[in-house]
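Peer 1: If you read the sequences in order, they're chains U and W.
No gaps in the numbering here: position 32 of the first sequence is 32 in my numbering, and each next residue is one more.
Take the position in the second sequence, starting the count at 1, then add 390; the result is the number in my numbering.
Think of the hints as simulated: they come from the structure by calculation, not from any bench.
There's no promise every hint is true.
[As the list claims (entries may be wrong)] Below, simulated DMTMM-like cross-link-like pairs (lysine to aspartate or glutamate); rule was C-alpha separation at most 25 Å, straight line:
{"id": "1", "chain 1": "W", "residue 1": "Lys432", "chain 2": "U", "residue 2": "Glu101"}
{"id": "2", "chain 1": "W", "residue 1": "Lys432", "chain 2": "U", "residue 2": "Glu171"}
{"id": "3", "chain 1": "W", "residue 1": "Lys432", "chain 2": "W", "residue 2": "Asp555"}
{"id": "4", "chain 1": "W", "residue 1": "Lys444", "chain 2": "U", "residue 2": "Asp78"}
{"id": "5", "chain 1": "W", "residue 1": "Lys444", "chain 2": "U", "residue 2": "Asp288"}
{"id": "6", "chain 1": "W", "residue 1": "Lys432", "chain 2": "U", "residue 2": "Glu123"}
{"id": "7", "chain 1": "W", "residue 1": "Lys432", "chain 2": "W", "residue 2": "Asp523"}
{"id": "8", "chain 1": "W", "residue 1": "Lys432", "chain 2": "W", "residue 2": "Glu453"}
{"id": "9", "chain 1": "W", "residue 1": "Lys444", "chain 2": "W", "residue 2": "Glu556"}
Given next are the chains, with one letter for each unit.
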Amino acid sequence: MAHSRRLAEILMAERCMSYVITDPQFRIIRRGGQLNVGPGGDHAARHTHLNQLFPETAGLEGVLRTVLSGELPRYRLDLVNRDTLDGGISYLDLSILPWREAEGRITGLVLLVEDATHRGTREQRIVQQHNELHVLRDRLARQNLELSDANAELTRLDDLKSLFVSVAAHELRSPLASMLAYLEILLEGDFGDLSGDQRDALAVVQSSADRLLTITSNLLDVTRIESGHLELVLQPTDLAEVLHTVVAEFRMRVAARAQRLTVICGSGLPRVLCDPARTHQIVTNLLDNAHKYTPDGGRIEICLDHAPEDGFLRVSVTDNGIGHPLAGPTAVVHPVLPGGAGDGTWCERRRSGPLYHALAGRTPRGAHLVRECTGQRQHVSRLAAGGRRR
Amino acid sequence: MPDAQPPPPPTAYSKKVCILGDFAVGKTSLVRRFVYDRFDDKYISTIGVKVSRKVVVVAQAGELTEVVMLLWDLAGSEAFNQIRTSYLRGAAGAILVCDLTRPETLACLSVYADGLRSLAPDVPMVLAANKRDLLPVPGGAPEWVAEAADRLAVPLYLSSARLGDEVEALFRHLGQMLVGATAPDDPG
Numbered sequence: 001m002a003h004s005r006r007l008a009e010i011l012m013a014e015r016c017m018s019y020v021i022t023d024p025q026f027r028i029i030r031r032g033g034q035l036n037v038g039p040g041g042d043h044a045a046r047h048t049h050l051n052q053l054f055p056e057t058a059g060l061e062g063v064l065r066t067v068l069s070g071e072l073p074r075y076r077l078d079l080v081n082r083d084t085l086d087g088g089i090s091y092l093d094l095s096i097l098p099w100r101e102a103e104g105r106i107t108g109l110v111l112l113v114e115d116a117t118h119r120g121t122r123e124q125r126i127v128q129q130h131n132e133l134h135v136l137r138d139r140l141a142r143q144n145l146e147l148s149d150a151n152a153e154l155t156r157l158d159d160l161k162s163l164f165v166s167v168a169a170h171e172l173r174s175p176l177a178s179m180l181a182y183l184e185i186l187l188e189g190d191f192g193d194l195s196g197d198q199r200d201a202l203a204v205v206q207s208s209a210d211r212l213l214t215i216t217s218n219l220l221d222v223t224r225i226e227s228g229h230l231e232l233v234l235q236p237t238d239l240a241e242v243l244h245t246v247v248a249e250f251r252m253r254v255a256a257r258a259q260r261l262t263v264i265c266g267s268g269l270p271r272v273l274c275d276p277a278r279t280h281q282i283v284t285n286l287l288d289n290a291h292k293y294t295p296d297g298g299r300i301e302i303c304l305d306h307a308p309e310d311g312f313l314r315v316s317v318t319d320n321g322i323g324h325p326l327a328g329p330t331a332v333v334h335p336v337l338p339g340g341a342g343d344g345t346w347c348e349r350r351r352s353g354p355l356y357h358a359l360a361g362r363t364p365r366g367a368h369l370v371r372e373c374t375g376q377r378q379h380v381s382r383l384a385a386g387g388r389r390r
Numbered sequence: 391m392p393d394a395q396p397p398p399p400p401t402a403y404s405k406k407v408c409i410l411g412d413f414a415v416g417k418t419s420l421v422r423r424f425v426y427d428r429f430d431d432k433y434i435s436t437i438g439v440k441v442s443r444k445v446v447v448v449a450q451a452g453e454l455t456e457v458v459m460l461l462w463d464l465a466g467s468e469a470f471n472q473i474r475t476s477y478l479r480g481a482a483g484a485i486l487v488c489d490l491t492r493p494e495t496l497a498c499l500s501v502y503a504d505g506l507r508s509l510a511p512d513v514p515m516v517l518a519a520n521k522r523d524l525l526p527v528p529g530g531a532p533e534w535v536a537e538a539a540d541r542l543a544v545p546l547y548l549s550s551a552r553l554g555d556e557v558e559a560l561f562r563h564l565g566q567m568l569v570g571a572t573a574p575d576d577p578g
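So that you can see chain W by itself, here it is in the shape it has in the complex (with noise of 0.2 Å):
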């Protein structure tokens, strides 16, 4: 009887991605409960970028696939031409992240998308409405917001940086799609 092989390590992806939206959707608090698990109340404005890194696990035909995610929490700006396109080159996919509370934070993510495509045309993309706790009545995607989604044909979650309410959800999803978009030679 043949000795039990130990699986073979997954492969690996290393993949940039962009968290893109307006000042205070919560970005930076979306990626810190995403790698840390943690939140804080206290807002502070990022400037610049802040790069962080996730490995996540995902299925891939049937195998367990290794995506190291390499977040890049962009500052939110009123104008796309404020964030250069120095930081979303390279990039494989991107989180557009808008407010619940604040459906204006809506307007800016159609100008961000089609910045991103404009470089990678078919980057993968999810919409995280976030700040669901702050919803006076919990319950489904408000009518803006699903139509949003639908416009910009991306995937939507309704998120709680706070509560951590969908946001492993979110993330594993857009590293599923991330892994779809690749082919299994090149990785990286």
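Bound-form chain U, shown alone (with noise of 0.2 Å):
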């Protein structure tokens, strides 16, 4: 007997394991082993209910009854949580089996009490990490799907915006054209001959009028480009032809300024295939910044020539007026046409306000028409105050 009680502490002691055995009142009438698992001593601990060292235990009577009454042979509990002084939490496994005199008769409950706290810190890091993770998940999967909505509700809008500015744009187009038609036929003289201040005024009038078809028709162009609907009308086209055609429009305006336009047209410069309407309006816009930023008195260039790729042209304006150090330009890359090399057309273009964007490509849609135009590549560099423009 000696020996087996001997054998006992010794696994008490190699698995830091104690022991609680009580009377059939729940009451303690012996402990033991390595733990510190209540307050007091042996002694101390003696006649005291179960429940006041095991707080897990209270409540559960019921269960203790059915194992004192050996109906279930015994009742475990993995990873009961302690606190410790020193604000962490022990674990221990706790196991409560009849308690048996020497010829079987049930006379209380044995508590076996185990020290989990080593398999329990680590099972709750590993719990952690993956509850932590799963958490995340959901939270970026639930974030996914506001983006989702989000970005439909954001295209929606989008797209009355351009359905709006698609509509107005048409309905101021029509009374346009109605004025600018008597006003022709006012200044040539049809409805009576005119004085000198009459006419003067028409004119500035016609002007405006001219000016704000020429916003609508681009607010149309905006919208096309940004639907994707933008056709363009690609053929053999004499840029330079085009670029005279552009300056000599801007002849008046550049003079009023007293502005010096010129242009440079390299030799033997070969057609390249692009949309001459389109082309003739990303060159005015490239000019009429220029015309804007450049002083009064001050110099316009406007040059053809061929660019530094081999089977490209490049068209350029170079100004001193000021530069747009921050925005920087965008430049546009032309390749060549299936044909031959010299076929192509490489052009760099300033940046100026939303509309230009869209026409000359600084915006993801607006990219279009200049793509279109010119070919499938596009890169941005920087200007200095009063550089080149091109």
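From the two separate chains plus the hints, produce the assembled complex.
Peer 2: What follows is the structure, given as structure tokens:
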């Protein structure tokens, strides 16, 4: 008997275990082992109720009675949490079994306590990581859904905006066309002679109406570009002719501000395949910017020559006005057309306002026009103040 | 004139209450708020079980009754079979907890409820839809929670362990249900 008891003590020490034995009323009659699972020593704990030392057994009297009767062979609780004095958590495995006398009669319960802190701490870390990852994954999924919804709503609003702009531009064009027609009739004298002042005033009205028509046309272009419905008419084009046409249109405006506008075209330049009307529009925008940002009496130069890249032509606009050091220009490179080197064109253009962005490629959808006119490649470089605008 | 008699001590009931729900729904925070009136933002996953004790006084048949609630804060898990039956054995009641910001945490509650009812068919339960403070728009119970409470046939509380909203009320309600479910001559 002493031998068995000694063996049990060794096992208890080895497994870091303790035990408590109770009477049938679950009052402690004996305790021992290595773990400090409650206040006081063996003597202090004697005759106290089991649930004073193990609150986990409180409310479990029914379960304990089934163990006491032998109906339930054991009751086990793994990883019971206990707060430690240093603010941490220790873990205990509890097993409650019937306590039998030598003849086999159950006279109470024995509660075995095993320290599971090492295992519990390891398991807790794993569970913690798993749970945190799971929560993050759920949160990410929810945020993706919200982003997707927000994106759909933005697209819907953008489409509504485009529709509105398109309808508004169309509605503006009809009365403008009537105004311009009657202005022309008036200026031609079909309704009678006009005095000089009247003619000058009507000329201003006509000029403003023309500008308004251009703006509405540009707005329509923007909506077409944004909706991806812009159609280009590509044809072999003499770029020099396009440049001269644009420059001719600017002569009066440039002269009004005493600016000097020079056109430099290389000799023997080939024709390129592009949409001449759109190219005209783009060059007009470039020149308009140069005109706007060059001081009175300043210089503007528009140049057409071979690009450094083989098989491309380059259109560049240079002036001595202020630059856009922060915004920087948009540069577009046109690939060589099928059929041989020298049939391509290359140009860079300067950023200026949302309409220009749409026409010259600074917005994702607006890039359409320049890409379609010039090819599928573009890059952005910076301009110093007063630098060359290409 | 007879001397004034001190009021008789209230009858004490000791009841095991399981706190059940998916992980990170705030079970431990609810218990901590109820027992210690504290809240900690840091999330620490519970494994196994942590038992806390709190006495509530409820009215029963016109008298005050003490109910010692032994709160079994159980580890949340993805599958009910990971919670051993031994943890639930002897439970007199349960708080089912879900996270109002994660509707998916509702799904496992019927499994928990069924598991508990298979051990104790008439066990009273309360549903705590927690983290109401994180709802983008404060207000009544979202439809999916109200429907779940109806389906589970349990009272519903929209709680916030962080702010303490409805925490005391939901535990007290369960305490009342526990007393109502117990014969007066069979305390404990």
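Peer 1: Which of the listed hints are broken here?
Peer 2: 1, 2, 5 and 8
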